[in-house]
Structures are given as C-alpha cells and as structure tokens.
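J.: Spelled out, the chains give:
There are 2 protein chains.
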Amino acid sequence: MELRGLSLIGFASGAPGGAVFRAFDPARAADLEPAFHAVSGGELERAVQLAAGAAPVWAKLTGAARNRFLRLVADKLDRHAAALAARAAQETGLPVARCTGEIARTSGQLRLYGETAERGDWLDARIETAQLERQPLPKPDHRSMLRPLGPVVVFGSSNFPFAYSVAGGDTASAFAAGCPVIVKAHPAHPGTGEGVGRLVTEAVQECGLPEGSFSLLFDAGFEVGQALVQHPLVKAVGFTGSLKGGRALVDLAAARPEPIPVYAEMGSINPFFILPGALAERAAALIDGLHASATVGVGQFCTNPGLIVLERSADAERFVKTLADKLTATPEAAMLTPGIRKAFATNTAARAQQPGVTVIAQGKTAMACGAAPVWFETDARTFLGNPGLSGEIFGPSSLVVWCHDRAELLDVARHLEGSLTATLHAGAGEAAEQGELIELLSAKAGRLILNGYPTGLEVSPAIVHAGPYPATSDGGRSTSVGTRALLRWTRLVCYQGFPDALLPPELQNANKFGLLRLVNGEWTRNGL
Amino acid sequence: MELRGLSLIGFASGAPGGAVFRAFDPARAADLEPAFHAVSGGELERAVQLAAGAAPVWAKLTGAARNRFLRLVADKLDRHAAALAARAAQETGLPVARCTGEIARTSGQLRLYGETAERGDWLDARIETAQLERQPLPKPDHRSMLRPLGPVVVFGSSNFPFAYSVAGGDTASAFAAGCPVIVKAHPAHPGTGEGVGRLVTEAVQECGLPEGSFSLLFDAGFEVGQALVQHPLVKAVGFTGSLKGGRALVDLAAARPEPIPVYAEMGSINPFFILPGALAERAAALIDGLHASATVGVGQFCTNPGLIVLERSADAERFVKTLADKLTATPEAAMLTPGIRKAFATNTAARAQQPGVTVIAQGKTAMACGAAPVWFETDARTFLGNPGLSGEIFGPSSLVVWCHDRAELLDVARHLEGSLTATLHAGAGEAAEQGELIELLSAKAGRLILNGYPTGLEVSPAIVHAGPYPATSDGGRSTSVGTRALLRWTRLVCYQGFPDALLPPELQNANKFGLLRLVNGEWTRNGL
Numbered sequence: 030m031e032l033r034g035l036s037l038i039g040f041a042s043g044a045p046g047g048a049v050f051r052a053f054d055p056a057r058a059a060d061l062e063p064a065f066h067a068v069s070g071g072e073l074e075r076a077v078q079l080a081a082g083a084a085p086v087w088a089k090l091t092g093a094a095r096n097r098f099l100r101l102v103a104d105k106l107d108r109h110a111a112a113l114a115a116r117a118a119q120e121t122g123l124p125v126a127r128c129t130g131e132i133a134r135t136s137g138q139l140r141l142y143g144e145t146a147e148r149g150d151w152l153d154a155r156i157e158t159a160q161l162e163r164q165p166l167p168k169p170d171h172r173s174m175l176r177p178l179g180p181v182v183v184f185g186s187s188n189f190p191f192a193y194s195v196a197g198g199d200t201a202s203a204f205a206a207g208c209p210v211i212v213k214a215h216p217a218h219p220g221t222g223e224g225v226g227r228l229v230t231e232a233v234q235e236c237g238l239p240e241g242s243f244s245l246l247f248d249a250g251f252e253v254g255q256a257l258v259q260h261p262l263v264k265a266v267g268f269t270g271s272l273k274g275g276r277a278l279v280d281l282a283a284a285r286p287e288p289i290p291v292y293a294e295m296g297s298i299n300p301f302f303i304l305p306g307a308l309a310e311r312a313a314a315l316i317d318g319l320h321a322s323a324t325v326g327v328g329q330f331c332t333n334p335g336l337i338v339l340e341r342s343a344d345a346e347r348f349v350k351t352l353a354d355k356l357t358a359t360p361e362a363a364m365l366t367p368g369i370r371k372a373f374a375t376n377t378a379a380r381a382q383q384p385g386v387t388v389i390a391q392g393k394t395a396m397a398c399g400a401a402p403v404w405f406e407t408d409a410r411t412f413l414g415n416p417g418l419s420g421e422i423f424g425p426s427s428l429v430v431w432c433h434d435r436a437e438l439l440d441v442a443r444h445l446e447g448s449l450t451a452t453l454h455a456g457a458g459e460a461a462e463q464g465e466l467i468e469l470l471s472a473k474a475g476r477l478i479l480n481g482y483p484t485g486l487e488v489s490p491a492i493v494h495a496g497p498y499p500a501t502s503d504g505g506r507s508t509s510v511g512t513r514a515l516l517r518w519t520r521l522v523c524y525q526g527f528p529d530a531l532l533p534p535e536l537q538n539a540n541k542f543g544l545l546r547l548v549n550g551e552w553t554r555n556g557l
Numbered sequence: 030m031e032l033r034g035l036s037l038i039g040f041a042s043g044a045p046g047g048a049v050f051r052a053f054d055p056a057r058a059a060d061l062e063p064a065f066h067a068v069s070g071g072e073l074e075r076a077v078q079l080a081a082g083a084a085p086v087w088a089k090l091t092g093a094a095r096n097r098f099l100r101l102v103a104d105k106l107d108r109h110a111a112a113l114a115a116r117a118a119q120e121t122g123l124p125v126a127r128c129t130g131e132i133a134r135t136s137g138q139l140r141l142y143g144e145t146a147e148r149g150d151w152l153d154a155r156i157e158t159a160q161l162e163r164q165p166l167p168k169p170d171h172r173s174m175l176r177p178l179g180p181v182v183v184f185g186s187s188n189f190p191f192a193y194s195v196a197g198g199d200t201a202s203a204f205a206a207g208c209p210v211i212v213k214a215h216p217a218h219p220g221t222g223e224g225v226g227r228l229v230t231e232a233v234q235e236c237g238l239p240e241g242s243f244s245l246l247f248d249a250g251f252e253v254g255q256a257l258v259q260h261p262l263v264k265a266v267g268f269t270g271s272l273k274g275g276r277a278l279v280d281l282a283a284a285r286p287e288p289i290p291v292y293a294e295m296g297s298i299n300p301f302f303i304l305p306g307a308l309a310e311r312a313a314a315l316i317d318g319l320h321a322s323a324t325v326g327v328g329q330f331c332t333n334p335g336l337i338v339l340e341r342s343a344d345a346e347r348f349v350k351t352l353a354d355k356l357t358a359t360p361e362a363a364m365l366t367p368g369i370r371k372a373f374a375t376n377t378a379a380r381a382q383q384p385g386v387t388v389i390a391q392g393k394t395a396m397a398c399g400a401a402p403v404w405f406e407t408d409a410r411t412f413l414g415n416p417g418l419s420g421e422i423f424g425p426s427s428l429v430v431w432c433h434d435r436a437e438l439l440d441v442a443r444h445l446e447g448s449l450t451a452t453l454h455a456g457a458g459e460a461a462e463q464g465e466l467i468e469l470l471s472a473k474a475g476r477l478i479l480n481g482y483p484t485g486l487e488v489s490p491a492i493v494h495a496g497p498y499p500a501t502s503d504g505g506r507s508t509s510v511g512t513r514a515l516l517r518w519t520r521l522v523c524y525q526g527f528p529d530a531l532l533p534p535e536l537q538n539a540n541k542f543g544l545l546r547l548v549n550g551e552w553t554r555n556g557l
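Protein sequence lines correspond, in order, to chains A and B.
Throughout the first sequence, residue numbering follows this note's numbering, covering 30 to 557 in sequence.
Throughout the second sequence, residue numbering follows this note's numbering, covering 30 to 557 in sequence.
Do not take every clue at face value.
The list cannot tell twin chains apart, which means a pair is met if one copy fits it or any two copies do.
Okay, derived cross-link-like pairs now, DMTMM-like style, lysine to aspartate or glutamate, Cα gap no bigger than 20 Å in a straight line [claimed, not checked]: (1) 89 - 468; (2) 393 - 354; (3) 89 - 465; (4) 371 - 54; (5) 371 - 60; (6) 168 - 487; (7) 273 - 287; (8) 541 - 551; (9) 273 - 62; (10) 393 - 107; (11) 168 - 551; (12) 89 - 462; (13) 89 - 150.
Calculated from the structure, these hints are not laboratory results.
Next comes chain A alone, as it looks inside the complex:
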C-alpha cells in the first residue's frame, strides 16, 4: 500500500502545498511517513460540488446497485486487510489483531447495510389509493417513501480507524441510503484513511458511479471540518468523537441559514450497576468480565463502563478491592494519540483532587504515550453533589460510586445524564424485582444490558447505539449502528395523483422489488 499523502477529490488527487502533517506511532513515539497535505479551499469546494452533482444519480440508484457497490468496497477491504491493519496498528497503537477484527466488522457492516438497501423494506413505502366517490371530498391517490437527503459529510473517529472512519458505519449507511459522502479523515490515522479511501474510489469507478460519489479530505485542524458543516450544499453530518467537538459542529449546523442535522455520537459514562445477588453468585466472573470490558482498547471505547454503582457491603468491598488490585496490575498500553494521552493524564489528575474522591487503582506507566487504569471511588452523596463527576474520562478510568442503600442507588440512577448504555448485574432471584430501576435506566440510555458488558457491540437490525444527550446529539432518536442507521440520511416525499409510470419504482403498483409496503393501512409485499 503506497501512500501519497493527498486528499481524494472525486477521481483526482488533491495537490500538495497545503499545511503538512504526519501520522504518529504512539507505541514507538515516532512520526510516520509520508507527509499528508491539508486540502485547499478550492479542493474542498470541488469535492462538495462534485457530491452535489452526484446526488441526483445516487437518489435514483436501485437498492441492488447500492448493494453491489457496498459489497465491492467490503471485498476490497477484506482483500487488503493485512496491509491496512498493519498501518492502522502503527497509527493508533492498537494491536494488529484488533485492527484485523475491526476490518471484518467494517466489511460485515458494509454488506449488512447493502443488503438492507437492496431488500428495501427500510424505505417505509406507503400507498393510499384514490376513492374518487368518497364524501364529503374525494380521496386522492398518494404514496410516500424515504428519499436520500443529498451530500453527507462524515468525520472519521480517532478510536475506530475502520468501523467509524472512512468506510465505517456513517459512510456505509449514507451510501446505502443513497447519499454521496465526503469524509474528513481523522488526522491521527491518515494513512489508514488514504488506504481505505482509495479502495472506495476504485469501487466507485468499477461500478460506473459518478465522480463525486466519494471524496476524502485531509486536514490536521478544524477549519476544513467547519467549512464542510457550513457549506450550503452539504445536507447532513455524521460525527463520532468528543462532546466538545461534537457540540461545536452541532452548534455550527444549527446556526446555518438552513440548519442541517449533525448526528454526533459523543460522551457517555455507561453506568454499570451491580446488585448484591450478582456479587453473591459470581463475583469472580464479574471481576474478570468488568476488568476486560473496562480495559479493552485501553478504555478507548464509547461504551467503556465509566461509572460503577453498588451498595456498600462486605461482599462489595471485597469485590472492589480485588478488582482494583487487578486493575493496578494491568500493564500499560499506548493510547491513540499524545493528545488523548495528555487529556487522560489531566482529567485523572483533576478527578483525584476532587473532595471526597479517592484513587483505588493506579497502574504503572513508562511509555510516552502509555496509559494504565486509574480508578476512583466516592460515595453517592458526593457524586450527586458534584456534576463534574458525571463527565466521561476517555480512557481506562472509572468511578466507583458507593451507595448507602437501595434508595440512594435509585437516586444515582435518577440523577444520571444520557449514556449509550446502562448495565445491570443482578442475581437469579433479584432480576425480577428490578422493574423500577430498569424503567429509570431506560430513560437514560439507548441500550440496557442485563448481566452482560457494554463493550462488544453487535451490528444488527435490532441494535441501538444511541442515547439521550450528551451521548448523542439527537437525544437517541436515531442510531449510528445497526440497519436503522440508514434512516438518518433521508427525508419523506409524497407523490399525490401520479400515474404509475411517473412514480419511483418502489411506489409503483407492481412492487417489482417485493418491498414490504403499507397499502391502504395493511402491510403487504403484494403489488396492486
């Protein structure tokens, strides 16, 4: 995989000449070749214009054509997995095996969304036929479905170089929904981005799709991203990253003359409740499971369990002590970037200074970019009185909150901000009595997990990766993972009084794609 360090503007390369930056190997604390050149304002403009030109073609592509393209991208990713994983591991400090696994997840995601596009049920096609004799007024024939929004901008994430970057979930779902995509590559793994981006461009060309179906822009700062979000021809934005970064984009988009949606997946502390019965039944398994979930990927997961809530008891104290010892003994590993490593150090140091907060685990670090677990404990009263303790610390740090009794534990649940997940561990006889707690948690998170772990997200038609603010910018009304992700890039269009031939094929009488449609109030795959 030869890298050139240039943006991909439709089928052309960007010119060198912009500000230069390099990827950084956090495990070896060394810059990586080649230099990457920031995209110019003119190139950005051309990428957007090309995308706007491609949008009408994409809007009319059949689901089968979108699927063919997405499958081709998936096949190319799989074929180049070894080289891509090697580069990504260098750029992120993540193990090669994790990168390889993430490529498989990414290609699987592309195929699942492609299949969803081809099957077409997701379009929510609805038909009401005319009743011209109806009194007091005739009823007109009208038919509606979801149609693509137009050019979508996707921001690559730092922590998922494949699954939430250039050809990741936002890109795959936008393509599947029929939108051209402009990716702003994450500057922490530009080589991975270029490698994947060139495969996507190849697939665009091999499928005979228009130039501008895809562009990939490099920039080490914020200006390119801001310009993209503010561009009048851009119709929606996908973002995975920090609360600060996400909210800045959300605010920019909301202040446009024509506001557009920014689907930002941001901060989440993922509360993890452990009830006495669970401790009594399986403390050892819980220690292993929670330790693994909290340290995988150096804690750099949006579903990292960042808040552990339990009632104080001898069992519970023994559990936390054993877990803390295991955390302290956990070897360090490189974080994704020096900036993330620095923020982790700053945030954990600040938390250690909070009144009523104690460090209970602190692993050893020696590497420049390394981090090891840093865990804290506090009591529920302190937690409820200090809003700063509800903030996410990105990395391997969690806060144990000790509750005096059940009532205090419910207070903590009531007090939580929005999260992507909320987990509950209960004993066999205990789970059935958790109705109130489950109902409280269902108002706080997009995914509730019973006796499991929040990391390790299934990509499926039923999954939800979302949550009330600040977990996601739209308050959990949509999901960024799973086939419902396609819905984010659409709007509703209704056709009234149209002859069959002038309707989109999905709404024509014949139902040639065999879609599940709501016809005069009944869901059916039949034609009319």
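Fit chain B to the known structure of chain A by using the hints.
T.: Leaving out everything else, chain B in the frame of chain A:
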C-alpha cells in the same frame, strides 16, 4: 360552554392575576369576553413537574389505553362541536361551517392516531435472538423499539383553531406516542382553546390517567413559550406558525445545555407549475381550481399556492388575465387577527414596490380586518435575482412568474427554497416527459401533486406534511400530519440479555398484541 379564562394546570385551574387579554372578533372588530389570565411562573413550573411525573405512567400505557383516551377526546369534541365551532368562528373570523369541518378532521385525526397506537406496528419492534455458540463471539439476545421521549410542549397555531391547536395533530400524535402534553394556547382563540382543553382534561380524568397528562397554558406574549422550550424537563416541542416564530424556538432549543427537537412547520410558498398542455386542455377548470385553492380560508393555509410558474404564451396570458379578474372580483373576508391583517397589508405593499413586479389583481376591502386577493407578476429573471420574492406572504397573495422558455422554468424550479408542497399541472401527453422537473421538485417539497391542488390535506398513513427548510425545521425528515407524526416523539431503546418477563410486552416472545416485528431479519406477526 362557560369560559373562565384560566389556564388548566393538571386537574386544577390557574389563578387569576396574571396579565389579562381578550380574544378579538375580527369580523366585527370587537373584543370578546371573558378576560383570559396569563399563567404565572409558578403555575408553569407546576404544569411541567406534573407532566414529568406523568411521563413514566404514559410510557407504560398500552396502545389500547392510549387509543381509549384519544377516542374519548374525539367523542367529546364531536359532541360539543356546535358550541366549539361557534366560539372558534367568532375568534377567528372563519365561517362556522369551516370550523365544524375542522372539528371533524380533528376528531378523525385523534381516532386515526389512537388506532395506530393500539395496532402498535409503528413501534418498529425488532428482535435478534441469541446465538451462544457463534464464533468468534457469541451473539447476545437483543430487542429494541421506539419509546416515548417524555413531556412534549405544543404551540397552538393561529390558522387551525382545532386541527393544529389544543387537541390537534401535534397533541394527538404525542399522546399516541405515549407522551404527556403541555399546550401553550394560541392567544388569538383562547376561548376555543379553553373549551377544547377542558374536554381533554375531562377525558384524562375519566380514563383514570395521572394529573399532568395534560395542561393548557395561556399567555398573550412570548415569555411562557420561551420558558417552556427552555425547561429542562421538556423533551420536545411541536409548533405550527411563522418562520420567524418557529426559528426563534428552534434556536432557543438548540442552545439549551441539553438540546431538544423542535418540530416547527413554518413558511412555505408552495410552487405551482402550469405547463402548456394543461392550459390547452382545461384552462377554465384550472382557473376555478386555482382560484379556490388560493382563496380558501382567506389564503391562510400553509399549503396556499403562493408561486405560479408558467411559460409565456398567448394561452398563458389569457389564463392569467381571466384568473386575475376573478381574483379582483373576490369579496373580502376577515383575516384571523388584526396583526395578520396588518402584516398582509405591509407585505403586499412592499412587494408592489419591488422593481419588475406588477400588481395583476387587487380585490376591494372595507372591513377593518378584511383582506381580498392581491396578486403579482414578474419575470423569471427578476424572480431569480431577488431573494425577497421567494418569501411567503401569509394570506391571499401569490406571485406569477413568467418564464421565457422551458430552460428558464427549470431554473426557477432549481432555485426554489423548501416548501411543503409543489404542484405540477400537465396535459395528457405532457406528464410523461416531466421526469427532470419532477426530480427537481422532489428535492424541494415534501409532497408533489400532479394535476391537483395543494390545499385540502388528506390525513392518512401515507401523507407527508413536511419539506426542506424553511418549510419545516427538521428539513422534512418527519411529518406533522399522518400517522408517521408519532415517530417524532420517540427514541430508540434496546434491551440486551433480558429475560422475557422483564421486557416491555411489545418485545416479549408471545407477541400478545400481534405487532409486526422484525425477528432475526424477517418481518412477522408471529410470536417466538
């Protein structure tokens, strides 16, 4: 119907003592009794707290229970239709027959949304069962569905005293989705609002639903509305009104610490394209149809055809001349409020001053609050060069845009801002050739109408009342009319690893409500 002029805070009445205002009869230019008292800050707070308290109960109501409640509200509306229509006609200047018809539409809407809630298919319930033996990782059981957002604030509209006010579409869809509702009554028809609001409160009590399921707040200014949109316990807002008012609420909601969605249906010019073939075939019918659509309700419809686009020809000039004469001869009628009447006068006077714009029809007015049609014409070049001409004038005013040729007509289509509707009239042989124009218009409006009229909106599962900004604040991703309106008040929640008994009944194996669910990738009404 005895009116008290007091807000309804849960089951109690607000206290007198706030700023006082009265409804105004625009046809007789006279104040109406009684005085209405603005809600106090404490009462507003109590309404929101009660709604937040009622929210968990509403979230667990079955669809059948929601339906029972909505049907009861509908029955009460129908039973009191005569008194309600009489008061609404006084407060709005609309004919009693229109008000009576609107009550029927409103009760029909309540019943349709209630039925949708009971049927439950709209919940998008999805189930993926576990595969514990799967490699490399076991697949967990996970199931998801839409759940209600919590307290919803609805702003009554000026122009639909029933269908988009206290028990109108936003309220009905929010209840159907499982959310308590706080209505900020429109100050132009507070008596109608109180009358309807008391029926809703009765229904809440008769169904044994909690206090706070519904409140109705009076205020003649902006403060109460602003406080509601900024209240941390309010989770979503529905609004129907002006672009300026809607955008102000959207901006307020976006600037909250926790942003919430404002579904605002705002300005729309509803372009109306007339092709030569249509003129040749049925000019007389078109004149009658367009005249009726443009003058019904004194042009005070969000779907009023405000922009008429045609190619210049002798036929077309004759058509416009005849239509203009008919418009000039149209008798005046009272507009909804003196403020709306004043804005209409100001806006039409300003448009008449625009270079290249000519008045082609001007009806006579004598009443203080009366308005008659004021139509303008201009050429496409002037229209394309003057953004002010794309603005909606609320009331019986439209702008005829003369195009030199087909290319210019397509340019006008390309240049349009978002609208709720776009209409195309074509001749029998002509329609089949309109693919490009239809595709252009489908990017500009939520509902495309062929050889019909935009006013007279069917309320159905397939209808779309939405459009790109500025027609609606969310760019047409949702609809405020039709059964899809329920989706606006929900978020996704996923349950992973839950035993059957702890799941919401809609996600349990048995499928006791017979919902259409996506089970392991297949849509089915079967249980597991």
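J.: For every hint, state whether the structure bears it out.
T.: Results for each hint:
1. 89 - 468: Between. Shortest inter-copy distance 9 Å satisfies the 20 Å Cα cut-off; intra-copy 43 Å does not.
2. 393 - 354: Within one copy only: 12 Å inside, 88 Å across.
3. 89 - 465: between (48 Å within a copy, 12 Å between copies)
4. 371 - 54: within (15 Å within a copy, 67 Å between copies)
5. 371 - 60: within (17 Å within a copy, 67 Å between copies)
6. 168 - 487: between (45 Å within a copy, 7 Å between copies)
7. 273 - 287: between (23 Å within a copy, 13 Å between copies)
8. 541 - 551: both (18 Å within a copy, 19 Å between copies)
9. 273 - 62: Intra 30 Å, inter 52 Å, cutoff 20 Å: neither.
10. 393 - 107: neither (37 Å within a copy, 74 Å between copies)
11. 168 - 551: within (17 Å within a copy, 33 Å between copies)
12. 89 - 462: between (52 Å within a copy, 17 Å between copies)
13. 89 - 150: For residue 89 and residue 150, only the intra-copy Cα distance (16 Å) is at most 20 Å; the inter-copy one is 28 Å.
Hint compliance for this structure: hints 9 and 10 are broken, all remaining hints hold.
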